[in-house]
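Put chain B on the given structure of chain A with help from the hints.
Read off the chains here:
Protein chains: 2
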Amino acid sequence: MAALVRCPSLLYRPLRFFASMSRKFVQDPHKLLLIPGPIEVADEVLYANAHPSMSHMSPDFASAFGDCIRMTRDILYSKDAQPFLIAGSGTFGWDQVSANLVEPDEDVLVLNCGYFAEGFADCLHAYGAKVDQLTAVIGGTVKLSDIEAALKRKKYKLITVTHVDTSTAVLSNIKVVAELVRRVSPDTLIVLDAVCSVASEEIQMDAWGIDVVLTASQKGLGTPPGLSIVVVSQMALKVFENRSTPVRTYYASWKKWLPIMKAYERNAAAYFATPPVNLIYAYRASLTQITRGPVSLQDRFEAHKDTSRRFKKFAESLGFKSVPLTEDVSANGMTALYFPDGIIASDIVPSLLKKDVVVAGGIHSAIKDKYFRVGHMGVTAVNPERGDMDKISDALAETLKEAKASKL
Amino acid sequence: MAALVRCPSLLYRPLRFFASMSRKFVQDPHKLLLIPGPIEVADEVLYANAHPSMSHMSPDFASAFGDCIRMTRDILYSKDAQPFLIAGSGTFGWDQVSANLVEPDEDVLVLNCGYFAEGFADCLHAYGAKVDQLTAVIGGTVKLSDIEAALKRKKYKLITVTHVDTSTAVLSNIKVVAELVRRVSPDTLIVLDAVCSVASEEIQMDAWGIDVVLTASQKGLGTPPGLSIVVVSQMALKVFENRSTPVRTYYASWKKWLPIMKAYERNAAAYFATPPVNLIYAYRASLTQITRGPVSLQDRFEAHKDTSRRFKKFAESLGFKSVPLTEDVSANGMTALYFPDGIIASDIVPSLLKKDVVVAGGIHSAIKDKYFRVGHMGVTAVNPERGDMDKISDALAETLKEAKASKL
Numbered sequence: 001m002a003a004l005v006r007c008p009s010l011l012y013r014p015l016r017f018f019a020s021m022s023r024k025f026v027q028d029p030h031k032l033l034l035i036p037g038p039i040e041v042a043d044e045v046l047y048a049n050a051h052p053s054m055s056h057m058s059p060d061f062a063s064a065f066g067d068c069i070r071m072t073r074d075i076l077y078s079k080d081a082q083p084f085l086i087a088g089s090g091t092f093g094w095d096q097v098s099a100n101l102v103e104p105d106e107d108v109l110v111l112n113c114g115y116f117a118e119g120f121a122d123c124l125h126a127y128g129a130k131v132d133q134l135t136a137v138i139g140g141t142v143k144l145s146d147i148e149a150a151l152k153r154k155k156y157k158l159i160t161v162t163h164v165d166t167s168t169a170v171l172s173n174i175k176v177v178a179e180l181v182r183r184v185s186p187d188t189l190i191v192l193d194a195v196c197s198v199a200s201e202e203i204q205m206d207a208w209g210i211d212v213v214l215t216a217s218q219k220g221l222g223t224p225p226g227l228s229i230v231v232v233s234q235m236a237l238k239v240f241e242n243r244s245t246p247v248r249t250y251y252a253s254w255k256k257w258l259p260i261m262k263a264y265e266r267n268a269a270a271y272f273a274t275p276p277v278n279l280i281y282a283y284r285a286s287l288t289q290i291t292r293g294p295v296s297l298q299d300r301f302e303a304h305k306d307t308s309r310r311f312k313k314f315a316e317s318l319g320f321k322s323v324p325l326t327e328d329v330s331a332n333g334m335t336a337l338y339f340p341d342g343i344i345a346s347d348i349v350p351s352l353l354k355k356d357v358v359v360a361g362g363i364h365s366a367i368k369d370k371y372f373r374v375g376h377m378g379v380t381a382v383n384p385e386r387g388d389m390d391k392i393s394d395a396l397a398e399t400l401k402e403a404k405a406s407k408l
Numbered sequence: 001m002a003a004l005v006r007c008p009s010l011l012y013r014p015l016r017f018f019a020s021m022s023r024k025f026v027q028d029p030h031k032l033l034l035i036p037g038p039i040e041v042a043d044e045v046l047y048a049n050a051h052p053s054m055s056h057m058s059p060d061f062a063s064a065f066g067d068c069i070r071m072t073r074d075i076l077y078s079k080d081a082q083p084f085l086i087a088g089s090g091t092f093g094w095d096q097v098s099a100n101l102v103e104p105d106e107d108v109l110v111l112n113c114g115y116f117a118e119g120f121a122d123c124l125h126a127y128g129a130k131v132d133q134l135t136a137v138i139g140g141t142v143k144l145s146d147i148e149a150a151l152k153r154k155k156y157k158l159i160t161v162t163h164v165d166t167s168t169a170v171l172s173n174i175k176v177v178a179e180l181v182r183r184v185s186p187d188t189l190i191v192l193d194a195v196c197s198v199a200s201e202e203i204q205m206d207a208w209g210i211d212v213v214l215t216a217s218q219k220g221l222g223t224p225p226g227l228s229i230v231v232v233s234q235m236a237l238k239v240f241e242n243r244s245t246p247v248r249t250y251y252a253s254w255k256k257w258l259p260i261m262k263a264y265e266r267n268a269a270a271y272f273a274t275p276p277v278n279l280i281y282a283y284r285a286s287l288t289q290i291t292r293g294p295v296s297l298q299d300r301f302e303a304h305k306d307t308s309r310r311f312k313k314f315a316e317s318l319g320f321k322s323v324p325l326t327e328d329v330s331a332n333g334m335t336a337l338y339f340p341d342g343i344i345a346s347d348i349v350p351s352l353l354k355k356d357v358v359v360a361g362g363i364h365s366a367i368k369d370k371y372f373r374v375g376h377m378g379v380t381a382v383n384p385e386r387g388d389m390d391k392i393s394d395a396l397a398e399t400l401k402e403a404k405a406s407k408l
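From first to last, the protein sequence lines stand for chains A and B. The first sequence begins at 1 in the UniProt record's numbering and counts up one residue at a time. The second sequence begins at 1 in the UniProt record's numbering and counts up one residue at a time.
Excised from the complex, chain A in its bound form:
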């Protein structure tokens, strides 16, 4: 207090000073969040989420929205795909695909590598699609030969691939699958559920011939949850425009949203439903870091690979076993680990929490209690100086030691 009294002029200055300098915003101390989304978010992104209220029709907001559309396209290496940025969860992307691209009784093929493919299949079914599934063994991906046989057996309107299944940490090779589909069934639309992969795994939308990439804001994109992000190829948009039956949705209808997205990309405002204004500012702050920051997009993907390799190796050295069966089907933004023999979830997850590290339990029904999940996307992977991975590695080793000791 003495110091304060000695220079009263400083008493109120700091807040004004803070208010004018986003970089000075420091988020509150908190437990380290290493689940596969939501992920740790940079201070400047949270600060943008605290942006003063703005009209969704204002030029300033329109240009922020336009920036988000353009940078979203950049991350997917696409020239002309159409992003749809709409208030909603990642799940809402499933509804957009099911309602806009599939007509009642059309056949769709779902490649199932875990929990999230089941959900997508349920959603497609709810909108009237006839759904066939090819289910991989747990920890593996669907055999290419099985996909080829299925595509030759039946004409599918679209095929869905979960890029990274958040329940198993299995990574599908979308480049190779897309090549196969284009060769065997060129008219089949290729839909990539990339909720747990955009900005942590490379996706070359145009070069690989992907028609839809659907994702959300709270994983590799390093933004709070609440924004559904769906990017649609011009070919898929044509298929949508040539539907023979009306779209049976309102809020998810691309017919309603397309003119809005086009207006915002021209930095002009248009209205269908009020967008999540603050979240768009936050998303722009994160996209700016990702696409214009010191780390290139390619180096970002490398950083995720490197972080993932080190952590998986370390965990295996402790006796944990990766759920994905081989390295080539292992996600780089998250890790799913079976507990060592004699160790159970309650030995690990709660005591990591006591060490201020938050991880996720298992959600794949068949192995639910046998494994847990760790997310390492965004700043956690790209900014090692934060020490996030050192913190969880040390905590995990100590936790396991304590668990073993308690069982002696």
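Hints may be right or wrong, so weigh each one.
As the list makes no split between identical chains, a pair holds if one copy fits it or if it spans any two.
Stated by the list, open to error - Quick list of in silico lysine-lysine cross-link-like pairs, DSS-like style, CA-CA up to 27 Å: (1) K130 <-> K255; (2) K155 <-> K321; (3) K262 <-> K143; (4) K255 <-> K368; (5) K24 <-> K391.
Hints in this document: simulated from the structure, not taken from any laboratory. Note that the coordinates shown come from a computational prediction; the quantities given were computed from them, not determined experimentally.
Relative to chain A, chain B alone:
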């Protein structure tokens, strides 16, 4: 700078200090936002929106979500109605009602007092409902005798009422309409589009017999946009549970969300789709102010009435004319004003903006260029010490004077 150098120990202290004291967060200077949503948001609400990332499955977040469900019910004076808090725009509430409560080819009646009833009708139609509309004259509400006649002519599954139509500032007397519907057609579900009225107009959901109240976070509820809030009576939930056809949506399905909402209300986490975590913390901060703050809910409604009466009177003294035809159909959270003779939108809206006051243009197609809209909800109405209404009143008077002078 000298002062800073004299007490270096203070250099970094303020930020830590700030970070630990939400009340100390000061949002950036900005133009005064007086449109009918999004509205000006309190510093503590924006600060909560910058909450560090949290797991949507954490006990801390579950109890925040539970608080939001309970306080949402309190604002509507309901004992047991079921709130659904889902990432989305207010418009998404229309989809929830259309998809969950109406089955294909069922008859619904829409009371039309402006632009937003048109939208709700489009949405109901998209989901297969047979929609009849009773359209009021611009600035008026639908005659009770017309509603009674329509209800006697046909059996309607539900009737929709726009409480405050944001395009005209017309307020419907939902208490009286609900009484009429209950008397003439007791099985018809009463759906209130209260996007522009919750927390700025009184709504006694149980006492008045309203089945569904749908709203959004960014208006009277004083939170950034991105949260769809739909509250459903137990009677309406039973109607939903007794549907004879499956729900043709996934993300909007109450079947998926009901167990999640019930779990969160028990302060336990459950997963269907990732909720907008930060926005839930922000919503809780605002709900706490509204339901547990120094101003009672009843006084809050009075403050909105008082603010509205004064501003409308002042604007009329300047020569502007209210779009609503009489005071008893005038909203208390917003004002829609016809320009005086010889004055056009470009005389008023841009020069208010130059005076750092943001208002909204007209959106009702029939009178689009003849009027503009002002929002005065939440802190603007309840915290007069902010001086928001003085600022717009002075700016409006000056702007009009300048406009008239320029025409001489």
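So, going through the hints one by one against the coordinates:
1. K130 <-> K255: both (24 Å within a copy, 21 Å between copies)
2. K155 <-> K321: Close neither inside one copy (39 Å) nor across copies (62 Å); limit 27 Å.
3. K262 <-> K143: Classified as neither; 39 Å inside a copy, 40 Å across copies.
4. K255 <-> K368: between (40 Å within a copy, 23 Å between copies)
5. K24 <-> K391: within (24 Å within a copy, 31 Å between copies)
Hints 2, 3 from the earlier list are contradicted by this structure; the remaining hints agree with it.
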